[in-house]
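If you read the protein sequences in the order shown, they are chains A and B. Just so it is clear: in the first sequence, position 272 is 272 by the working numbering, and no numbers are missing. Just so it is clear: in the second sequence, position 226 is 226 by the working numbering, and no numbers are missing.
It should be emphasised that the hints constitute simulated quantities derived from the structure, not laboratory data. Careful: at least some of the hints might be erroneous.
Claimed, not checked - Output of the computed footprint for chain A on chain B, the stretches with three or more beta carbons under 8 Å from beta carbons of chain A:
| id | segment |
| --- | --- |
| 1 | 47-61 |
| 2 | 101-111 |
| 3 | 123-137 |
| 4 | 164-173 |
| 5 | 268-277 |
As the list claims (entries may be wrong) - Using 20 Å as the maximum straight-line C-alpha spacing, the simulated PhoX-like pairs for lysine-lysine come out as follows:
| id | chain 1 | residue 1 | chain 2 | residue 2 |
| --- | --- | --- | --- | --- |
| 6 | A | K217 | B | K54 |
| 7 | A | K510 | B | K54 |
| 8 | A | K436 | A | K455 |
| 9 | A | K507 | B | K54 |
| 10 | A | K408 | A | K442 |
| 11 | B | K224 | B | K234 |
| 12 | A | K390 | A | K408 |
| 13 | A | K207 | A | K144 |
| 14 | A | K217 | B | K90 |
| 15 | A | K442 | A | K421 |
| 16 | A | K442 | A | K455 |
| 17 | A | K135 | A | K207 |
Stated by the list, open to error - From the structure, some residues in chain A lie toward chain B, with a derived Cβ separation under 8 Å:
| id | residue |
| --- | --- |
| 18 | L69 |
| 19 | I168 |
| 20 | D237 |
| 21 | G268 |
| 22 | F463 |
As the structure is a prediction and not an experimental result, all values here were calculated from the model. From the three backbone atoms N, C-alpha and C, an ideal C-beta is built for every residue, glycine too.
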Amino acid sequence: MQEQVLRALIDDVRAGRLSRRDFIGRMAALGLAAPLAASLLGGSDVARAQAAAAYKPSRRGGGGALKLLFWQGPTLLNPHFGTGSKDLAGSHLFCEPLARYDADANLVPVLAAEIPSRANGGIAEDGRSTTWRLKKGVKWHDGKPFTADDVVFNWAYAIDPATAAVSIGSYHGIKAATRLDAETVRFEFDQPTPRWARAATLQLIPKHLFEAYGGAKAREAPGNLRPVGTGPYRFVDFKPGDIVRGELNPSYHAPNRPFFDTVELKGGGDAASAARAVLQTGEYDFGWNLQVEDDVLRRMEAASRGRVVASPSGDVEIIQFNMADPWNELDGERSHPKSRHPILADRAVREALALLLDRKSVQGFVYGRAGVATANVLNNPSRLNSPNIKDEFSVERANALLEGAGWKRGGDGIREKDGKKLRLVFQTSINSVRQKVQSIYKQACARAGVELELKGVTAAVFFSSDVGNPDTYGKFQADLQMYAVGGRDPDPSDFMQWFVSWQAASKTNKWLGQNRGRWKSDEYDAVFEASERELDPVKRAALLIRMNDLVCNDHAVIPIVYRPSVNGYARNLIAPVSGWDGALSGIADWYHEG
Amino acid sequence: MGPYLLRRLLIALPSVLGISIVLFTVLALAPGDPFAEMALNPNVPPEVQANLRKQFGLDDPIWQRYFRWLLAMLHGDWGFSFISRVDVDKLILSRVPVTLAVIGASQVLALMIALPVGIYSAARPYSWFDRIASTLAFVGFSLPTFFTGLLLILLFSIKLDWLPFVYRADLAATGWDWWVQQIKQSIMPIAVLGLFQAAGWTRYVRSATLDVIRLDYVTTARSKGLRERAVILKHVVRNAMIPVVTLVALTMPQIFGGAVVTEQIFRVPGIGSLLIDAIQRNDTPVVMAVTFVLACLVIAFNLLADVLYGWLDPRISYR
Numbered sequence: 001m002q003e004q005v006l007r008a009l010i011d012d013v014r015a016g017r018l019s020r021r022d023f024i025g026r027m028a029a030l031g032l033a034a035p036l037a038a039s040l041l042g043g044s045d046v047a048r049a050q051a052a053a054a055y056k057p058s059r060r061g062g063g064g065a066l067k068l069l070f071w072q073g074p075t076l077l078n079p080h081f082g083t084g085s086k087d088l089a090g091s092h093l094f095c096e097p098l099a100r101y102d103a104d105a106n107l108v109p110v111l112a113a114e115i116p117s118r119a120n121g122g123i124a125e126d127g128r129s130t131t132w133r134l135k136k137g138v139k140w141h142d143g144k145p146f147t148a149d150d151v152v153f154n155w156a157y158a159i160d161p162a163t164a165a166v167s168i169g170s171y172h173g174i175k176a177a178t179r180l181d182a183e184t185v186r187f188e189f190d191q192p193t194p195r196w197a198r199a200a201t202l203q204l205i206p207k208h209l210f211e212a213y214g215g216a217k218a219r220e221a222p223g224n225l226r227p228v229g230t231g232p233y234r235f236v237d238f239k240p241g242d243i244v245r246g247e248l249n250p251s252y253h254a255p256n257r258p259f260f261d262t263v264e265l266k267g268g269g270d271a272a273s274a275a276r277a278v279l280q281t282g283e284y285d286f287g288w289n290l291q292v293e294d295d296v297l298r299r300m301e302a303a304s305r306g307r308v309v310a311s312p313s314g315d316v317e318i319i320q321f322n323m324a325d326p327w328n329e330l331d332g333e334r335s336h337p338k339s340r341h342p343i344l345a346d347r348a349v350r351e352a353l354a355l356l357l358d359r360k361s362v363q364g365f366v367y368g369r370a371g372v373a374t375a376n377v378l379n380n381p382s383r384l385n386s387p388n389i390k391d392e393f394s395v396e397r398a399n400a401l402l403e404g405a406g407w408k409r410g411g412d413g414i415r416e417k418d419g420k421k422l423r424l425v426f427q428t429s430i431n432s433v434r435q436k437v438q439s440i441y442k443q444a445c446a447r448a449g450v451e452l453e454l455k456g457v458t459a460a461v462f463f464s465s466d467v468g469n470p471d472t473y474g475k476f477q478a479d480l481q482m483y484a485v486g487g488r489d490p491d492p493s494d495f496m497q498w499f500v501s502w503q504a505a506s507k508t509n510k511w512l513g514q515n516r517g518r519w520k521s522d523e524y525d526a527v528f529e530a531s532e533r534e535l536d537p538v539k540r541a542a543l544l545i546r547m548n549d550l551v552c553n554d555h556a557v558i559p560i561v562y563r564p565s566v567n568g569y570a571r572n573l574i575a576p577v578s579g580w581d582g583a584l585s586g587i588a589d590w591y592h593e594g
Numbered sequence: 001m002g003p004y005l006l007r008r009l010l011i012a013l014p015s016v017l018g019i020s021i022v023l024f025t026v027l028a029l030a031p032g033d034p035f036a037e038m039a040l041n042p043n044v045p046p047e048v049q050a051n052l053r054k055q056f057g058l059d060d061p062i063w064q065r066y067f068r069w070l071l072a073m074l075h076g077d078w079g080f081s082f083i084s085r086v087d088v089d090k091l092i093l094s095r096v097p098v099t100l101a102v103i104g105a106s107q108v109l110a111l112m113i114a115l116p117v118g119i120y121s122a123a124r125p126y127s128w129f130d131r132i133a134s135t136l137a138f139v140g141f142s143l144p145t146f147f148t149g150l151l152l153i154l155l156f157s158i159k160l161d162w163l164p165f166v167y168r169a170d171l172a173a174t175g176w177d178w179w180v181q182q183i184k185q186s187i188m189p190i191a192v193l194g195l196f197q198a199a200g201w202t203r204y205v206r207s208a209t210l211d212v213i214r215l216d217y218v219t220t221a222r223s224k225g226l227r228e229r230a231v232i233l234k235h236v237v238r239n240a241m242i243p244v245v246t247l248v249a250l251t252m253p254q255i256f257g258g259a260v261v262t263e264q265i266f267r268v269p270g271i272g273s274l275l276i277d278a279i280q281r282n283d284t285p286v287v288m289a290v291t292f293v294l295a296c297l298v299i300a301f302n303l304l305a306d307v308l309y310g311w312l313d314p315r316i317s318y319r
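Just need the whole structure built from these sequences, with the hints factored in.
Structural data, given as structure tokens:
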């Protein structure tokens, strides 16, 4: 669909000439799914029905105990220190952000009174600031009121490098946080920022308890281990890596919530037995991130005590090509970004290799519900999914392409050109699922005269940033490698940065650069920079889709499957889990039915 | 006795120091990175990771880090976990009660089975009782704990639905209800560990007793007209127990170290699971502390075993 036509329609809705329902109807006629159409409107400032989850309980409490099982237990409760989603799970029981993402990647206010927009004046015209109005009457668990000072304090606390907060990354680009009055805060950015919501989804800690523990003393704060927040549950007990317990917060700011009287988050063990405890024995109500083979999960579900639900998220499993030369040194460095791969620099070879990936089989036989075949790097939220890339698996076409590019079969069936054999090393981390995908791909490649040598590196080494080790994915001393990329933020600009030329991993950045394939495209760089400045959400979505198409059409990577987050639920548990936020970010809305 | 103890303790000092150097070097050389997970998350910029490495002193040379650790250790500062940012000693102490309860109980169970069964088997060798006990013992120590653990879970949790298979350190109950729940959740892990240990010890006790039971002084005791019970308990067992005491004393540090596999299967939050989690997350200060404490305990219990010898057998003297 032409962008101009789309924009005209959106303007019609905004001006009231076209109803939302009609707009969505027209989009559906054009083959756009309703949520996508709705999100186009959402991003364009059209007032939308407040996306409130259908929450049925009519009074607070009375739900008994909620038992959650995470096979990686929460190790800390201060939201500023959490390195991964599992660390944030524990603090989501007690601490809340200004806003969170729901399952469709829409922002939902939590401690904010409303989500800032152009229409309500929350987003400045020049994109250099956002103003958040806070919900009235919110109290910390210790009875002190929640005010704008707390929001400002969280910013100051996180950006102090001595605090060593992980959240410093999310506050990046925020020049100042100012209190306008007790219930209004303004964030000012260094430059016009389309990603204004980034810091708002971080959970907040109370100023009055942490004020004395900023900077180097951050580790000594008693509140790290006994959190005080505004959340639906009050802290009872915490043993790092083992268990977190909470009890209902009687003065919670949302009506009729929470439903459960107590909550318990148990950690440890492995994913398979966590699945068993939820699906088969019903000992627990919720099992997090059940990375277990799908047919095993299906057998457990047969006990009909629980069910498995996959929530969309931004993670995608890819095979990455090395565009640099991993086998010869340039300036004393293998895979130097300035070098060219002797075989893979040829686009025809990359295209042929992309045609050899049988995604349907990978999904069908390996991932099941935990991976959906895709040829795009950007899949979710659906508004960013490009319609231009086709998923194709064809050994014949791959053979024809290679033949056309001058790669002829040798006596041993392996293609060669100018004395170079089409032999490639394909590395990934050791993980049974990845090894299966490796061998499926190896077989298909063999049918096209490409020989793959498979290499498995233990995950602790593969994903480490150890500069002394040659087997890390950052150094990438192989021809192809496979891992998961993406991330939890519905705005993929951090992720899209993994393909810009200035992020190429090399000795100078200690191989911490995130463009590990050393792919380089001037057009991509330009589109990326434009997207970082583009304030109009619709135009920006178009730029992001353009970036996806550039990466996919030039075959910088081969996308395999996108990976929703897979969780186990007890039969009667209603739990809106968002793949875009911590699994427990919506815990206030959870309840038992019947 | 006094000078002997003092000398042993003085010898132990350099060993402890040596152990700490070896442990520290191995851990520092091992691949892996406590912040690797962060690199996978595109929303955390690499500078954050670099800053954390700097703040936690991970970029300094190994010898500097070792001396910093040693100095802090001499002051009683065990350092803090990179992952949870909690002091290591607090982390370890929080796991001690559960470890002692579960592993300790399983060792007591093992002793309660191994001693009577082993002694009775030796008193009547090749009887039916002895044959059955030997067969069971062989079965017991041939089956690894991860297998018996899963087997019990399959039977008692999944098929019969009698027992929970997730161990919870703080049960939300009081009084009788707490005891009932506590016992229900402890049965399987204690049984798995205890029976495995008992199987090995039974064989050991039996052979140690057999060695003694045929000696002339036992025949003398019998011909004095002493009752069989007195002969076995007073004359045989006391001498037979010397090697057994060594064995038991040397397995005692395990109580502290926990049982990694079993703790993982039943999610017992003991020191073993703390260690395995720390290893998986490359949380070096925790791995260092736990392994170091274990090493010290092995040395201490070795000494204790030697001292106990003298008490059991006054002929042994300390020089």
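Do the hints match the structure? See the list:
Counting residues of the segment 47-61 of chain B whose C-beta lies closer than 8 Å to any C-beta of chain A gives 8; at least three are required, and the coverage claim holds. For a cut-off of 8 Å, the count of residues in the segment 101-111 of chain B with a CB near a CB of chain A stands at 0, and the three-residue condition is violated. Evaluation of the coverage hint for the segment 123-137 of chain B: breached, as 0 residues show C-beta separations to chain A shorter than 8 Å, against a requirement of three. With 7 residues having a beta carbon nearer than 8 Å to a beta carbon of chain A, the segment 164-173 of chain B meets the requirement of three or more and the stated coverage holds.
With a threshold of 8 Å between beta carbons, the proposed coverage of the segment 268-277 of chain B by chain A holds, since 4 of its residues qualify and at least three are required. At most 20 Å may separate the alpha-carbon atoms for a hinted pair to count; A:K217 and B:K54 meet this at roughly 16 Å. Our distance criterion of 20 Å between C-alpha atoms is met by A:K510 and B:K54, whose separation comes to about 14 Å. Taking the CA atoms of A:K436 and A:K455, the gap is near 12 Å; set against the 20 Å cutoff, the hint holds.
Of the supplied pair hints, the one linking A:K507 and B:K54 holds, its CA atoms being roughly 18 Å apart against a limit of 20 Å. Distance restraint check for A:K408 and A:K442: the Cα-Cα separation of roughly 19 Å lies within the 20 Å cut-off, and the hinted pair is therefore satisfied. About 14 Å separates the Cα atoms of B:K224 and B:K234, which keeps this hinted pair within 20 Å; it holds. The straight-line distance between the Cα atoms of A:K390 and A:K408 is roughly 27 Å, outside the 20 Å bound, and the hint therefore fails.
The straight-line distance between the Cα atoms of A:K207 and A:K144 is roughly 10 Å, inside the 20 Å bound, and the hint therefore holds. Taking the CA atoms of A:K217 and B:K90, the gap is about 18 Å. The hint holds against a cut of 20 Å. Proposed proximity of A:K442 and A:K421 is supported: the alpha carbons are some 16 Å apart, at most 20 Å. Straight-line distance between C-alpha atoms of A:K442 and A:K455 comes to about 11 Å, which keeps the hinted pair within the 20 Å bound.
Between A:K135 and A:K207, the direct Cα distance comes to roughly 17 Å. Compliance with the 20 Å bound is thereby established for this hinted pair. Residue-level restraint check for A:L69 holds (minimum Cβ-Cβ distance to chain B is 7 Å; threshold 8 Å). Interface hint status for A:I168: upheld, as the beta-carbon distance to the closest one in chain B is roughly 6 Å, under 8 Å. The beta carbon of A:D237 is positioned within 8 Å of a beta carbon in chain B (closest approach about 6 Å), and the interface hint is therefore held.
For A:G268, the suggested interface contact is upheld, since its CB lies about 4 Å from the closest CB of chain B, less than 8 Å. About 5 Å separates the beta-carbon of A:F463 from the nearest beta-carbon of chain B, less than 8 Å, and the hint is met.
The structure is inconsistent with the numbered hints 2, 3 and 12, although it conforms to all the rest.
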